[in-house]
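Asker: One-letter residues, chain by chain:
2 protein chains.
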Amino acid sequence: MTNTPLQIIPLGGLGEIGKNMMAFIYGSDAIVIDTGIMFPANDMLGIDYIIPDFNYLVERTDLQVRGIIVTHGHEDHTGAIQHVAAKISAPIYATPLTRGLLELKLKQARLLDQIEMVTFRAGDTLDLGPFCVETFHVCHSIPDGVGLGINTPVGLVVHTGDFKFDHTPVDNWPTDFARLAQFSSRGVLALLSDSTNADRPGWTPSEAVIDEAFDRVFRDAPGRIIVATFASLISRIQQVARAAERYNRKMAVAGHTMTENIRMAISLGYLQLSPELMISVEEANRRDPREVVIMATGTQGEPSAVLGRLAMGRHHQLAIEKGDTVIMSSHPIPGNEEMVHRIINRLFQRGAEVIYDPIAPVHVSGHASQEEQKLMISLVRPRYFIPIHGELRHLKQHAALAEEVGVPRENIAVVENGTILSFDENGTLTVGERVPGGYVFVDGSGVGDVGPAVMRDRETLARDGIVIVNTRIKRETREVIGEPEIVSRGFVFLRDAEDLMENARQTIRRTISQNPMANGSTQEMIQEALAKMFYNETKRRPMIFAFVNEI
Amino acid sequence: MTNTPLQIIPLGGLGEIGKNMMAFIYGSDAIVIDTGIMFPANDMLGIDYIIPDFNYLVERTDLQVRGIIVTHGHEDHTGAIQHVAAKISAPIYATPLTRGLLELKLKQARLLDQIEMVTFRAGDTLDLGPFCVETFHVCHSIPDGVGLGINTPVGLVVHTGDFKFDHTPVDNWPTDFARLAQFSSRGVLALLSDSTNADRPGWTPSEAVIDEAFDRVFRDAPGRIIVATFASLISRIQQVARAAERYNRKMAVAGHTMTENIRMAISLGYLQLSPELMISVEEANRRDPREVVIMATGTQGEPSAVLGRLAMGRHHQLAIEKGDTVIMSSHPIPGNEEMVHRIINRLFQRGAEVIYDPIAPVHVSGHASQEEQKLMISLVRPRYFIPIHGELRHLKQHAALAEEVGVPRENIAVVENGTILSFDENGTLTVGERVPGGYVFVDGSGVGDVGPAVMRDRETLARDGIVIVNTRIKRETREVIGEPEIVSRGFVFLRDAEDLMENARQTIRRTISQNPMANGSTQEMIQEALAKMFYNETKRRPMIFAFVNEI
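In order, the protein sequence lines correspond to chains A and B. Going by numbering that gives the first Met the number 0, the residue at position 522 of the first sequence is 521; the numbering climbs one at a time, nothing skipped. Going by numbering that gives the first Met the number 0, the residue at position 148 of the second sequence is 147; the numbering climbs one at a time, nothing skipped.
I should point out that these hints are in silico values taken from the structure, not numbers from a laboratory. The beta-carbon is built from N, C-alpha and C at its ideal position, and this holds for glycine as well. Mixed in with the good hints, there may be bad ones.
Claimed, not checked - One-sided excerpt, in silico: chain B residues whose CB lies under 10 Å from chain A:
no.	residue
1	L391
2	V404
3	G405
4	V406
5	G443
6	L460
7	T476
8	E478
Extracted from the complex, chain A is given alone in its bound form:
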């Protein structure tokens, strides 16, 4: 018996807790679970994506990271792999499909040869120093996902990964109930469980319900069918393929990422597509529309993805026609609703029928709803319950469910990212301080260089644009030479604003003639005078830059 505590730390800012990255630390040994990204909110202007701040792990040079385990292949669990792998030296453990998706990323980042990758299969046990990790299969909206039974010197901690209890999944591989029950019989110190759908009552429907919905659409569609879904939703692609076979349609795939993913999933055995089924997009264009189904990406309203281009009439190979049926086999990720609805409206405008949930159950969530979450807790019967993978509001709700099924309130820890959960040698939990750090913005090739000041400037620029003034004055007389040059962007439409610009030129002349002072201060005075004038005239506050060049 030792008095070294086990520390569990979810990393990141106020987003989904523990979703993108977690650390387990025991003494000088650590393991990392997941290395994902967060998508920027609508007001995070210009940001490409967000990674968790894992500087705490980098700075703890005393730590040896024994392994990075990635639970499944979604971006919010894999997307930061190149950033993490560049700074934390440790082998990466993943199931075959997850590994395939990680490798694509590491290849792009030219890191693939430098990283040790270890494949495991659900059910395998990973020996990582003091951590003995028993992996187990979970159903989710991507195949080959796992949860983890992490044996530590202070007890067994179960981490569910992203999961649902689907009795009839597409790949016939349900969540490993037996292993969960077995953990329970051995005694579980803590359960860390997926909270994404903690505000949804009941059970998440099985993927099998989609087959029925597809059947109805495929039966009735008068022309082409276009199914849009996530590029990584391998099981959905399988379902479309089966429906296509049942209704004698051939299947084409539009979009690079989805094509890549399909190729890999076939080669790894996660997708069964007969060669006779598959045709090219060109071939699809030649055939009778009633014999064709086309898979596409772009369900989140991305203007540059296939569906976005189709909606705007800007795809180089395909065009929406009257008689087309578009199935949106996805739900909008919060924040994308407007863009998704806009695309649906545009597709209708072009004459397509568009089928989307709630009009027909053509998508189901990959996450457990309340009854499944309760079942997970009841199966595992942990001493402590720690809701993860959700915003604070989801965690709070998941905590309430845990209390309902009998976990004592004092044994439930709702924490934010960065909080150290410390289990002592008796397994007693103490909720500690938060380590410094939050989320790190990635913009272009810059990681973390865009902070609050830059974001505030972007907001101001976005709101009312800019005005730039370049004036030349005679050094001796301080007379304005020629006309002040005025440039504006995002402020007013210049061609219709000649009066306003004339007013601006007069304001500049007046300010200079009234202030026979030094250069720098004249610039500021011009900026202030223009700001006031523009606000009076337009009720807008553009950013203003004035240059006064003495000649």
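For chain A, the structure is supplied; the task is to place chain B on it using the hints.
Answerer: Just chain B, lined up with the frame of chain A:
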């Protein structure tokens, strides 16, 4: 019998069809229904709100607009009144509460004394030239809403307004079934019906279910209760007041608009609040938390509204404390989800319990769901069905429902804003061309001056910011004088980018020395060289402005 057609035109762009404004035209007579605004989407940067383009009506100088009828007091039906009233001279017809809300707007716009306003009550008939308008009460999420039975020379057209069929509304005033049935018996040429919830199966729950949910929360809340809702949701304020009385709490109101609305609703008799019930916010702060309920605005995540300030800890009178219970009695308007969820998370972070749908049914929609929409069609039994008040996707779905209940497909017209629906003397419908126009952006005091070019610039500025360069060169030698001045905003954090800026200065010098040419073209060359260098170094594309001043 005449051969003048009746024209019905929904006005606006690709948003909700007919929601903000519609025109009925017969010969040289017209009436206008509603004068609302649309809220900008997340990518409409800096836009305050959007009004429908009603230029078509203004330019048709042959027309006499007999009246502007406003169906109810929500912003998307009233918000553009000052813009419309400034250009279209006609009396405005409204029920007392709607009129009260319109007057607040016209007062602010200093137009109140110039406008003729006529009050009517649901059930009244308005004689407006060739249009005889029978008004009838409808339930909605604001009291005193009406639908319209518009008798025209070619037949009776029923316009539902925004409606639901609530048998137990808070004000005990259900939608006027009898009038609808009577219309039906007289024969209805066309039904224009609210499509907002056309993708929701079943019936919209009655407002009465909220009472039960409130009861549970008020019974269990360990401290203060804060109920956030729309400032115009008068019936919800009434429900909170009743719950407060049942559970011996006093009620305070935070927020100017809600206070104003409450004052008006009381004076007009739409709200019954006993003087003993009401206390000030200061008084609420002094009392035992268990004796207090506070009404607040800000349910859409607006950072400057009461709830937004509470979430950020920036309200001047109130602060969230552990033990507080916040009820979000509203649903996020599409596009606001992120902001709303952020506020909920922040409130949890500050120690409040937050109750929101779907955790408890503390809000219900004010719009009819599918079964109610079918009931409306079955009650009215129109010859033609024209879905309105929804995006194209809702209209399509509503059209499918109409077909299900027996309206022949060829008698259903799904049209976009601007389309002229023309009924000839036999009542036969022809769907005509679209009149020019769409939505008009309002930004500050500018109406319609921000168009696609300005919006694109704002987008670019928001994505990667700006860099401005001011360089002086000797006219004769074209030598650079001193250091080029570089200013940037929203691009990189300058303090950490000294290398990049040095690189920029070198790029400027090099470009000038290699190009002994005219001024204008040197500026462009500098812009191009910098754009290339910045993209290579940062993978960002800021807007770049270079000034070269010859001295």
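Asker: Taking the hints in turn, state whether each one holds.
Answerer: Right, here's what the structure says about each hint:
The interface hint given for L391/B holds, since its Cβ lies 4 Å from the closest Cβ of chain A, which is under the 10 Å cut-off. Given hint, V404/B at the interface with chain A, is violated; its Cβ is 17 Å from that chain's nearest Cβ, farther than 10 Å. For G405/B, the interface hint is violated, the least distance from its beta-carbon to any beta-carbon of chain A being 20 Å, above 10 Å. Taken as an interface hint, V406/B does not check out: its beta carbon lies about 18 Å from the nearest beta carbon of chain A, beyond 10 Å.
At a threshold of 10 Å, the smallest CB-CB gap from G443/B to chain A is about 3 Å, leaving the interface hint in force. Hint status for L460/B relative to chain A: holds, with the closest Cβ pair at about 4 Å, below 10 Å. For T476/B, the interface hint is violated, since its Cβ never comes within 10 Å of a Cβ in chain A; the closest pair sits about 15 Å apart. The restraint placing E478/B at the interface with chain A is violated, with a minimum CB-CB distance near 15 Å, outside the 10 Å limit.
Going through the hint list in order, the structure does not satisfy hints 2, 3, 4, 7 and 8.
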